[in-house]
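Trainee: If you're matching them up, the sequences are chains A and B in order.
To convert, note that position 73 of the first sequence is 73 in the numbering used here; the numbers rise steadily by one, no gaps.
Here the numbering used here = 1-based position in the second sequence + 1000.
No lab work stands behind these hints, which were simulated from the structure alone.
The beta-carbon is built from N, C-alpha and C at its ideal position, and this holds for glycine as well.
Do not take every clue at face value.
Just the calculated beta-carbon pair ranges, DEER-fashion [stated by the list, open to error]:
no. : chain 1 : residue 1 : chain 2 : residue 2 : range
1   : A       : A82       : B       : S1052     : 37 to 45 Å
2   : B       : P1110     : A       : R77       : 40 to 48 Å
3   : A       : D56       : B       : V1055     : 27 to 35 Å
4   : A       : F10       : B       : V1084     : 17 to 25 Å
5   : A       : G53       : B       : K1056     : 34 to 42 Å
6   : B       : E1017     : A       : S67       : 43 to 51 Å
7   : B       : K1056     : A       : V95       : 15 to 23 Å
8   : A       : D56       : B       : T1028     : 19 to 27 Å
9   : B       : S1052     : A       : L114      : 44 to 52 Å
10  : B       : S1030     : A       : G53       : 20 to 28 Å
11  : A       : A2        : B       : Q1058     : 22 to 30 Å
12  : A       : P39       : B       : I1109     : 19 to 27 Å
Result set (DSS-like, lysine-lysine): computed pairs, CA atoms no more than 30 Å apart in a straight line [what the hints assert, rightly or not]:
no. : chain 1 : residue 1 : chain 2 : residue 2
13  : A       : K71       : B       : K1036
14  : A       : K57       : B       : K1097
15  : B       : K1097     : A       : K9
16  : A       : K57       : A       : K14
17  : B       : K1051     : A       : K57
18  : B       : K1036     : A       : K57
19  : A       : K9        : A       : K57
20  : B       : K1057     : B       : K1097
21  : B       : K1097     : A       : K71
22  : B       : K1036     : A       : K9
23  : B       : K1070     : A       : K57
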Amino acid sequence: NAGVTQTPKFQVLKTGQSMTLQCAQDMNHNSMYWYRQDPGMGLRLIYYSASEGTTDKGEVPNGYNVSRLNKREFSLRLESAAPSQTSVYFCASSVVRPNTGELFFGEGSRLTVL
Amino acid sequence: GQQVMQIPQYQHVQEGEDFTTYCNSSTTLSNIQWYKQRPGGHPVFLIQLVKSGEVKKQKRLTFQFGEAKKNSSLHITATQTTDVGTYFCAGGFGNEKLTFGTGTRLTIIP
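Make a model of the complete structure from these sequences and hints.
Mentor: Below, the structure is given as structure tokens:
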């Protein structure tokens, strides 16, 4: 049982480069999320998708775009990476609508922007 | 704003001592969840509290939700080395979003 799978696990970018973080879940969950984790800041919500076909902004959406490709997949794109986007990114999913159920997290993607 | 404050930021305890972390919100929460993140790992769900004054136990862990649903605590009795990690609370404000606290990093001195 894979759960939530994120790729890549590590990535180094130069300022201005673009990239997409991929996330897939095999638990038939309705809701999916992207968080970033920075030292001393906890986990901050970037974007979420309450159900297939919908996406909404979280606390820190600037500089990011998302796509809910289907029920399983939710990708996060950085169009023009900046050093401030150096972080660990976590994808998560939940069975029910946001805020009411357990979140299942992927193993994280560590991104460094030089 | 919808913020969840968590203290302390760090806690170092001798193995066998107790540990407590606290979360506070200025507005009423619809629910609160607790997660544990081992060093280098990802957050793992521990529990969810929904009712005012609710207390739940998991072995040596005791979780409480305040009567006003604005605060919560996690207490670990007789810590073990396996308890090492960062503990996060996450508050629900009824608007489809969970707001995470900044976490308490627990280290155990053997």
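Trainee: Verify the proposed pairing of K9 (chain A) with K57 (chain A), using a straight-line Cα cut of 30 Å.
Mentor: This hinted pair holds, its Cα atoms lying about 24 Å apart.
Trainee: For the pair supplied as a hint, K1036 (chain B) and K57 (chain A), confirm whether the alpha-carbon distance does not exceed 30 Å.
Mentor: holds (25 Å)
Trainee: Using the Cβ atoms, figure out if P39 (chain A) sits within 19 to 27 Å of I1109 (chain B).
Mentor: holds (22 Å)
Trainee: Can the suggested window of 43 to 51 Å be confirmed for the beta-carbon pair E1017 (chain B) and S67 (chain A)?
Mentor: holds (48 Å)
Trainee: Given the hint of 40 to 48 Å, check if P1110 (chain B) and R77 (chain A) actually sit that far apart at their C-beta atoms.
Mentor: Given a distance of about 45 Å, which is inside 40 to 48 Å, the answer is holds.
Trainee: Starting from the range 44 to 52 Å, see whether the pair S1052 (chain B) and L114 (chain A) falls in it by beta-carbon distance.
Mentor: At roughly 49 Å between Cβ atoms, L114 (chain A) and S1052 (chain B) fall inside 44 to 52 Å, so the hint holds.
Trainee: Run the distance test for K1057 (chain B) versus K1097 (chain B): straight-line Cα separation, threshold 30 Å.
Mentor: holds (25 Å)
Trainee: Is it true that the C-beta distance of F10 (chain A) to V1084 (chain B) lies inside 17 to 25 Å, as the hint says?
Mentor: holds (24 Å)
Trainee: Between K1070 (chain B) and K57 (chain A), is the straight-line Cα distance small enough, at 30 Å or below?
Mentor: Holds, because 25 Å separates the two Cα atoms, which is no more than 30 Å.
Trainee: So the hint says 22 to 30 Å: do the beta-carbon atoms of A2 (chain A) and Q1058 (chain B) match that?
Mentor: holds (26 Å)
Trainee: Does the alpha-carbon distance linking K1097 (chain B) and K71 (chain A) stay inside the 30 Å limit?
Mentor: holds (19 Å)
Trainee: Lying within 19 to 27 Å: is that true of the beta-carbon distance D56 (chain A) to T1028 (chain B)?
Mentor: Between D56 (chain A) and T1028 (chain B), where Cβ atoms are some 22 Å apart, the hint holds.
Checked against the numbered hints above, the structure breaks none of them.
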